[in-house]
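Number of protein chains: 4
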Amino acid sequence: MHQSLPASAESGREFVLTVSCPDRRGIVHAVSGVMLEQSMTILDSQQFADATSGEFHLRMHLVREGRALPVADVDAALAPVAAEFAMEYAVHDLSRRPRVLVMVSQQGHCLNDLLFRVESGSLPIEVPAIVSNHEDFRGLAEWHGVPFHHVPVTRDTKPAAEQQLRDLVAEHRADTIVLARYMQILSADLCADLPGRIINIHHSLLPSFKGAKPYTQAHDRGVKVIGATAHYVTADLDEGPIIEQDFRRVDHRMSPAQLASVGQELEAMALARAVRWHAEHRVVLRGRRTIVFD
Amino acid sequence: MHQSLPASAESGREFVLTVSCPDRRGIVHAVSGVMLEQSMTILDSQQFADATSGEFHLRMHLVREGRALPVADVDAALAPVAAEFAMEYAVHDLSRRPRVLVMVSQQGHCLNDLLFRVESGSLPIEVPAIVSNHEDFRGLAEWHGVPFHHVPVTRDTKPAAEQQLRDLVAEHRADTIVLARYMQILSADLCADLPGRIINIHHSLLPSFKGAKPYTQAHDRGVKVIGATAHYVTADLDEGPIIEQDFRRVDHRMSPAQLASVGQELEAMALARAVRWHAEHRVVLRGRRTIVFD
Amino acid sequence: MHQSLPASAESGREFVLTVSCPDRRGIVHAVSGVMLEQSMTILDSQQFADATSGEFHLRMHLVREGRALPVADVDAALAPVAAEFAMEYAVHDLSRRPRVLVMVSQQGHCLNDLLFRVESGSLPIEVPAIVSNHEDFRGLAEWHGVPFHHVPVTRDTKPAAEQQLRDLVAEHRADTIVLARYMQILSADLCADLPGRIINIHHSLLPSFKGAKPYTQAHDRGVKVIGATAHYVTADLDEGPIIEQDFRRVDHRMSPAQLASVGQELEAMALARAVRWHAEHRVVLRGRRTIVFD
Amino acid sequence: MHQSLPASAESGREFVLTVSCPDRRGIVHAVSGVMLEQSMTILDSQQFADATSGEFHLRMHLVREGRALPVADVDAALAPVAAEFAMEYAVHDLSRRPRVLVMVSQQGHCLNDLLFRVESGSLPIEVPAIVSNHEDFRGLAEWHGVPFHHVPVTRDTKPAAEQQLRDLVAEHRADTIVLARYMQILSADLCADLPGRIINIHHSLLPSFKGAKPYTQAHDRGVKVIGATAHYVTADLDEGPIIEQDFRRVDHRMSPAQLASVGQELEAMALARAVRWHAEHRVVLRGRRTIVFD
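First to last, the sequence lines map onto chains A, S, G and H.
Those letters in the first sequence? Residues -16 to 277, by this note's numbering.
Those letters in the second sequence? Residues -16 to 277, by this note's numbering.
Those letters in the third sequence? Residues -16 to 277, by this note's numbering.
Those letters in the fourth sequence? Residues -16 to 277, by this note's numbering.
Just so you know, these hints were derived from the structure itself, not from any lab.
Just to be clear, a hint being listed does not mean it is correct.
[To be verified] Below, in silico cross-link-like pairs of lysine to any residue (SDA-like), each with a Cα-Cα straight-line distance of 25 Å or less:
| no. | chain 1 | residue 1 | chain 2 | residue 2 |
| --- | --- | --- | --- | --- |
| 1 | H | K196 | G | A34 |
| 2 | S | K196 | A | R269 |
| 3 | H | K193 | H | L177 |
| 4 | S | K196 | A | P224 |
| 5 | S | K193 | A | T217 |
| 6 | H | K196 | G | G270 |
| 7 | S | K141 | S | G194 |
These numbers come from a predicted model, not from an experiment.
All chains, full assembly: derive it from the sequences and hints.
Quick look at the structure:
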């Protein structure tokens, strides 16, 4: 469980720093030294030394005392230490919320859940647009005051539709795409062009039951637990790095349709957590795995 | 959750009836009529009409009033109704506990758990013998007063070892074999000869991570939940019908060894429930699926 | 887990029968006999012989073959058997969905969840009206096309407000009132007049943390699990019979506000299940306890 | 989930440092600076800034490079920083395992579970003695090679029995007492003399169902979830700070005896985790709450 971020923040006041580098002695001392010089107080700090890879990962939530500081200045202050330790690092000003373009097809439970969370202030993202290959949720989008774009997809129009999607991402300056039960497969090119920027919810406990109709597969196999998996999208379908999974006990009495009904709750919860963690810079993507400083 | 069976029962007093047949009107009325004539009171009754297969399944826990009744008499009383409705059925006298031969290799958590449950009266089985391809748990077995048979297995001796196992099953009149982390694969012939009579615990949430080293596989794939699966053994490795699964949330910090450590609790619990349900005639085996009247 | 009811049903075709009576031999045979005579097929049947109370409880889901049958006829057909066994019983025609008046204050997560489920066809109730002591959710109600009644409550106006509520219940022919985070306490008189017809969601794992600010209480006590409890309302605050509870692991890092945020998911899920089970006639209310044929 | 400690460690090589102090800027930098000077590598570090209390808490798992270092030297090196920041702190050499005296009455599931874990190397404690007010588990203790002391308790002999217990604690140099279903209440004096050194397992989800027969209380109240609570013992019965809770869904069909049977698994797991976390210096005791760096 996390310590959550503030609902709003003044620019130049609160930051999240993320660092990954080869593990060695002195990293924490060096980074915390820079932060001390910059009059930063550490609100939260989590770290993970990965014995398998030899890498060290750090996430710090910092608050600046005194006058506000541009993120570029924090960045610059860290540069010498980053060079010394061969760090990949990023500084995020929390006054800037990620802009998340949400895509949906004909099942709206995840979309409805995300929009309600954004509106009630519990999910720190902006949703500049909703894109769908169907018209079903235009009304819901408009009621929430979010532009709705209908982009139908057929085999023939897929390249054009993807170009339209790319244009919408650019137009709405979207950082992230969330596939909230969007039932079209994105092209390998698009996936490759937006690494770590597309989050999908798959309705099974991956790696079980990839592909189509996972609840029917789960029923046929007679499993006693079902789940949902939120993951980054890669060109390799349903193989992307897992961010979050939710799950629940089921039994023989449940038909595929009933599994799907229970699964909707799991999908909405797993996706909402994954999107929040992504938005709060809690997820470190590392090959096929994620480190989640939740 | 179940209504559990009595710790002990007098012969001819308590019965479990299980029925499977094509679903049609009148089954419950007919069966309950026979039981009424036999002065049986229904302590518990569970049924399932499987819309997918068109089959009806029933489990009744019955108590006989008046003098005790041989199970053969109950059987005979049901025969006309069984014929009329094309029933597969079985009547079990609860005074007779299943005899379960337990097999183990070098990890004893499931064995220790099963023996403690039997001894403390919470698992209604007899354990006439423990068989292992190693000597590690001879002491534990003997402390519990259970005969221990060391049957080493190498590639060359496997047929002979399996013959020895068959002999031990016969000698100890075992109804069921439980593979409590027994790390040898049984031959297809042996599996085929004992259908629905061998229960294995696999240390993953099947169908994820079949085969060797499932906790390492789970770590590499970065899943956020691990589990254990108790299933009937068929010739198709790790593909047998699932009886029970247990599961728990994990995170990126856990190494394969730590996943294995947490998983031991899940394995012991899933296996113990599966064995109890099997022993209480709660599991109906149907193709690749089970119906569990838990 | 349940076998769910059909999204719609023709009048006189599908029924749920619920029976409670002193336990004795022959009940199932007698009831199933009547159903057979009425050309009813049993789709599902669940029973519970309560050893503590000596009572027997039954819920049957039935489908009528041949022409449709008025519920009164099913009722009449059962009368002789009911008299013989001293049964309390009820027959419900599933073509008639319960009319549920929903009350809310200033937190809309449960209301939003219930309305989405009704609209998407997964919760078999009608919502004829929403009543609130605040104006916050008029827009949400109206977007869903449900009449919204603002009934403010102060200490002085409480009797008048409750009269207004009673009038609305009558006007909308509501069977049930659901308090979906309605933060006013109903009078003992009102509770007594609608026994088993008011469902509340309390934001703790009752009986822990009754009364105000349960998440703050949970934080101060340092519990490692929080939950939500859906229960029938009685005059005894937070002491009514529990229908459903949901729960999740938490840790020391979570502030009361963060517990509340996680708790919202639990509240919405527990309440939705309780309302569905109530609507599907799965809940038998017995003193302080419920029997839930889920 | 934790990163576990090594099964064994050479003296002066691996340490756990725990720190609590008023929160202010510079703590992490100062502490990590001392560790750097001492040629310590941080294997794991967890911290918590408690906004409610204004306190900062830190746990570091450190490994010394170069020659081994006495714990007193680490202690001394930290003293100036500790003084500057008004720290409570402790340094633990991991080569020294806590000595845990286990007490039990007539239910042995927790005792059996703890002993199996110690023996199989998954619980880093020494058990120098088992104390019981009954003789039931002398055989189990002796089979594990642990001295067993029978200390009967009656109302009249209670003071003498407690003196005997104090003597055994001294004789066996026990750091910690674990009440593994020990059904006698310790005197307020004894509790006060060993603050944070006695761990109990209570068979309910505290604060629900304090005192006697919690499973019967849970049955009567009709809850849908039961649990177990491991907590530090204080003079205030069942009110001590909670270390860990485990829990599981139940339903109306389960009698108090069946709840107790399911609860045994929860008790054993919650207690084992609490004991491990205590032994690995992961638990910070703060008033009625604990911080668990799991």
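Straight-line alpha-carbon gap K196 (chain S) to P224 (chain A), limit 25 Å: holds (20 Å)
Holds or violated: K196 (chain S) to R269 (chain A), with C-alpha atoms at most 25 Å apart: Holds, at roughly 22 Å.
Given hint L177 (chain H) paired with K193 (chain H) - CA-CA distance at most 25 Å: holds (22 Å)
Distance restraint between K193 (chain S) and T217 (chain A), which requires alpha-carbon spacing of 25 Å or less: holds (24 Å)
Straight-line alpha-carbon gap K196 (chain H) to A34 (chain G), limit 25 Å: It holds: about 19 Å lies between the C-alpha atoms, which stays within 25 Å.
Distance restraint between K196 (chain H) and G270 (chain G), which requires alpha-carbon spacing of 25 Å or less: Satisfied, since the Cα-Cα distance of roughly 20 Å is no more than 25 Å.
Given hint G194 (chain S) paired with K141 (chain S) - CA-CA distance at most 25 Å: Between K141 (chain S) and G194 (chain S) the Cα gap is close to 19 Å, so the pair holds against 25 Å.
Violated hints for the displayed structure: none, as all numbered hints are satisfied.
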